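Read off the chains here:
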Amino acid sequence: MTKDTKSLPMSAQPYGLIATFTTTAEAMHAAEQVRDAGYKFWDVISPFPIHGMDRAMGIRRSKVPRASFLGGLAGLTTGMTLIWWSGAYNFPLIVGGKPYFSPMFAFPVSYELTILFTAFATVIGMFLFNKLPMHYHPVLKYEKFHRGTTDRFFVVIEARDPRFDAAATRALLTAVGGQEITELED
Amino acid sequence: MAHAEHTVVAPAILQEVRPATLPRPVLIANHRDFGWITDKICGIVEGKTPTWWWWCFGVACFVASFTVAGITYLVATGVGVWGHRSPVNWAWDIVNFVFWIGIGHAGTLISAILCLLRQKWRTSINRSAEAMTIFAVVCAGIFPMFHVGRVWYAWYLFPLPNSNGIWQNYRSPLEWDVFAVSTYGIVSVLFWYVGMLPDLATLRDRFGAAGNKLRSWLYGLFAMGWRGSNRHWSNYEMAYLILAGIATPLVLSVHTIVSYDFAVSLLPGWHTTIFPPYFVAGAIFSGFGMVLTLMLPLRAIYKLEDLITPYHIDCICKVTLTTGSMVGYAYAMEFFIAWYGANPYEGFTFINRAFGNYAWAYWIMVTCNVVTPQLFWFKKVRRNVALVWVLSIFVNVGMWFERFVIIVSSLSRDFLPSSWGYYSPSIVEIFTFFGTFGVFSVLFLLFIRFLPMMAMAELKAISPQADPHATEISHGT
Numbered sequence: 088m089t090k091d092t093k094s095l096p097m098s099a100q101p102y103g104l105i106a107t108f109t110t111t112a113e114a115m116h117a118a119e120q121v122r123d124a125g126y127k128f129w130d131v132i133s134p135f136p137i138h139g140m141d142r143a144m145g146i147r148r149s150k151v152p153r154a155s156f157l158g159g160l161a162g163l164t165t166g167m168t169l170i171w172w173s174g175a176y177n178f179p180l181i182v183g184g185k186p187y188f189s190p191m192f193a194f195p196v197s198y199e200l201t202i203l204f205t206a207f208a209t210v211i212g213m214f215l216f217n218k219l220p221m222h223y224h225p226v227l228k229y230e231k232f233h234r235g236t237t238d239r240f241f242v243v244i245e246a247r248d249p250r251f252d253a254a255a256t257r258a259l260l261t262a263v264g265g266q267e268i269t270e271l272e273d
Numbered sequence: 019m020a021h022a023e024h025t026v027v028a029p030a031i032l033q034e035v036r037p038a039t040l041p042r043p044v045l046i047a048n049h050r051d052f053g054w055i056t057d058k059i060c061g062i063v064e065g066k067t068p069t070w071w072w073w074c075f076g077v078a079c080f081v082a083s084f085t086v087a088g089i090t091y092l093v094a095t096g097v098g099v100w101g102h103r104s105p106v107n108w109a110w111d112i113v114n115f116v117f118w119i120g121i122g123h124a125g126t127l128i129s130a131i132l133c134l135l136r137q138k139w140r141t142s143i144n145r146s147a148e149a150m151t152i153f154a155v156v157c158a159g160i161f162p163m164f165h166v167g168r169v170w171y172a173w174y175l176f177p178l179p180n181s182n183g184i185w186q187n188y189r190s191p192l193e194w195d196v197f198a199v200s201t202y203g204i205v206s207v208l209f210w211y212v213g214m215l216p217d218l219a220t221l222r223d224r225f226g227a228a229g230n231k232l233r234s235w236l237y238g239l240f241a242m243g244w245r246g247s248n249r250h251w252s253n254y255e256m257a258y259l260i261l262a263g264i265a266t267p268l269v270l271s272v273h274t275i276v277s278y279d280f281a282v283s284l285l286p287g288w289h290t291t292i293f294p295p296y297f298v299a300g301a302i303f304s305g306f307g308m309v310l311t312l313m314l315p316l317r318a319i320y321k322l323e324d325l326i327t328p329y330h331i332d333c334i335c336k337v338t339l340t341t342g343s344m345v346g347y348a349y350a351m352e353f354f355i356a357w358y359g360a361n362p363y364e365g366f367t368f369i370n371r372a373f374g375n376y377a378w379a380y381w382i383m384v385t386c387n388v389v390t391p392q393l394f395w396f397k398k399v400r401r402n403v404a405l406v407w408v409l410s411i412f413v414n415v416g417m418w419f420e421r422f423v424i425i426v427s428s429l430s431r432d433f434l435p436s437s438w439g440y441y442s443p444s445i446v447e448i449f450t451f452f453g454t455f456g457v458f459s460v461l462f463l464l465f466i467r468f469l470p471m472m473a474m475a476e477l478k479a480i481s482p483q484a485d486p487h488a489t490e491i492s493h494g495t
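If you read the sequences in order, they're chains A and B. Mind the numbering: the first sequence is residues 88 to 273 in our numbering, read in order. Mind the numbering: the second sequence is residues 19 to 495 in our numbering, read in order.
Since the hints were made in silico from the structure, they are not lab data. All of these numbers come straight from a predicted model, not from anything done at the bench. We treat Cβ as the ideally placed atom computed from N, Cα and C, and that holds for glycine. Check before you lean on any hint, since a few could be wrong.
A short, non-exhaustive set of chain A residues, derived as facing chain B with CB atoms under 10 Å [stated by the list, open to error]:
#1 R147
#2 L157
#3 F251
#4 D252
One side of the interface only, derived from the structure: several residues of chain A facing chain B at Cβ under 10 Å [as the list claims (entries may be wrong)]:
#5 D130
#6 R148
#7 T209
#8 F214
#9 G235
#10 R239
#11 F241
#12 R247
Isolated chain A, as found in the complex (with noise of 0.2 Å):
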């Protein structure tokens, strides 16, 4: 259940205070000013990636590398092994007076198993890094959410940041041109 809570307040604790942009350069501003008033639990929200949006909200490096290596890693040694111990160690055979064991033969199967595990390293690692699949958001439950994967920018600041104030952070998002500053349930 969502409301207009422009001027009534809420029993419960709010998530957070939302705002509306119609075009991505004001979403860009908006997000810079609100990272130099120094919040930290905020977040913007967009219908594609916008160029440059990281260092305006001066968000870090994504870590979804590390995964990827990390099973990199493990496909190479698994392909390795796997060829090792099936043909050099548990049923040793000779086959056309070749080595039981190579890693120049190995190398095709491991290779394709070095990228098969990085694939899935990618994948699982954004979903954990981004903390999904989460089918339950409060933002999800914002009446005009469907405009945010469409054509829409908010910009939500969580009430949980430590600079949050519902007077003060609704002025600042006011002040950043942001529209129909609505408050979001928890």
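Start from chain A and add chain B according to the hints.
Using the frame of chain A, we list chain B on its own:
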């Protein structure tokens, strides 16, 4: 982190040199805004199922039933119902496998390699090209799976413990192929799905706003609660870049390994080092042919001219021309090496290829792959949509014949003249292959009906109004 100033200051040198402002090609015509793109793409999914769709779907199901019939008969009787016999023990099955897997490669090229090369025109076609990849891999997989003979033992291809206690021979390129193709299929699905995540969220929210709870829930289930948060986009874009980065060596390795099936053998006409690059170029060539074959009718039916502009078609034609010329070069180089290598068997194989028992197939291949794509040198041809579509069919036909020529003509005339033979497909093989076009079409029709056909989020990101500095620059200078 330092507070970066985002006001754009033009460097002083620009006042002196005054660089010419070259017009950038327009990727989204008629200044369409974000809302229009969303309505257009989602409208295809949300609207009523068109009558043509039901007709096409019916025909596609009927055609697909030929594969079912062919395979059922094969499984019930034995692999002898195919026309293979010594010396031609590999024929249409492997031809069709390589043909379909090659088609898939353009999808990955468009989504991965063009992403790394920052070719923005890829965004209009990458989603459907990736779908094409996955469905082509499905069709390709049918053939090697059933040509093992007793299909219920196909799981022996994978390193699963079995009662014989024996393991796979990892020295064999055929085993490499198993891993390459399965990895390719899985990574393509992951890449496709990750790319689709934001668009599934858009559909979820649109169905939700329209009050269709069931469909909103279904799309939402797969959208994983995506909410367009920039903290998510940051990880998402990194993940997408890494997937593109690993899909690139993957796609090159898959067709390299497919070519090893031949190149690692000792048969003249197969045993050549040129095969990996030659196969990869051929695969991309055939895939771009198929992209044109599929996208041009869709563009006309759904009136997507603003999103697939003549510039897009122009780019695809140029890639087709380039890869087609590479393939032509490889054909010439094979002949040169056969002569220069001074191996009489190799020399015979190539003379036989062009003038022997399968010369008809060879010249169809040369006409379709080397001669007709050269028409793409002319801008008038590239701008003539109907002609481009016809030429794309030539590419598809030519690339099927390329695999046929390589596989069958080399095998039918091997080292020992007493074992020479002539191969013709049996009706079962023809049925099975014909039906795969139905399988492909059924899957593709389901895709365009139920999933966003174009990457909306990516299209929005490349449109001019997505650039937060676009207005500032025009005002500032």
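To see whether the hints hold, each was checked on the structure:
1. A cut of 10 Å between beta carbons decides the hint on R147 (chain A): the least distance to chain B is about 8 Å, and the hint holds.
2. For the restraint placing L157 (chain A) at the interface with chain B, the shortest Cβ-Cβ distance is roughly 12 Å, beyond the 10 Å limit, so the hint is violated.
3. A distance limit of 10 Å between C-beta atoms decides the matter here; for F251 (chain A) the minimum to chain B is near 17 Å, and the interface restraint is violated.
4. The beta carbon of D252 (chain A) is not positioned within 10 Å of any beta carbon in chain B (closest approach about 22 Å), and the interface hint is therefore violated.
5. Evaluation of the D130 (chain A) hint against chain B yields a held restraint, the C-beta minimum of about 5 Å falling below 10 Å.
6. For R148 (chain A), the shortest C-beta to C-beta distance to chain B is roughly 8 Å, which falls under 10 Å, so the interface hint holds.
7. For the restraint placing T209 (chain A) at the interface with chain B, the shortest Cβ-Cβ distance is roughly 5 Å, inside the 10 Å limit, so the hint holds.
8. The restraint placing F214 (chain A) at the interface with chain B holds, with a minimum CB-CB distance near 7 Å, inside the 10 Å limit.
9. At a threshold of 10 Å, the smallest CB-CB gap from G235 (chain A) to chain B is about 5 Å, leaving the interface hint in force.
10. Satisfaction of the interface hint for R239 (chain A) is found here, the shortest Cβ-Cβ separation to chain B being roughly 9 Å, below the 10 Å cut-off.
11. Interface hint at F241 (chain A): satisfied, since its Cβ lies 8 Å from the closest Cβ of chain B, which is below the 10 Å cut-off.
12. With its C-beta approaching chain B no nearer than about 15 Å, R247 (chain A) sits outside the 10 Å limit, and its interface hint is violated.
In summary, the numbered hints that this structure violates are 2, 3, 4, 12.
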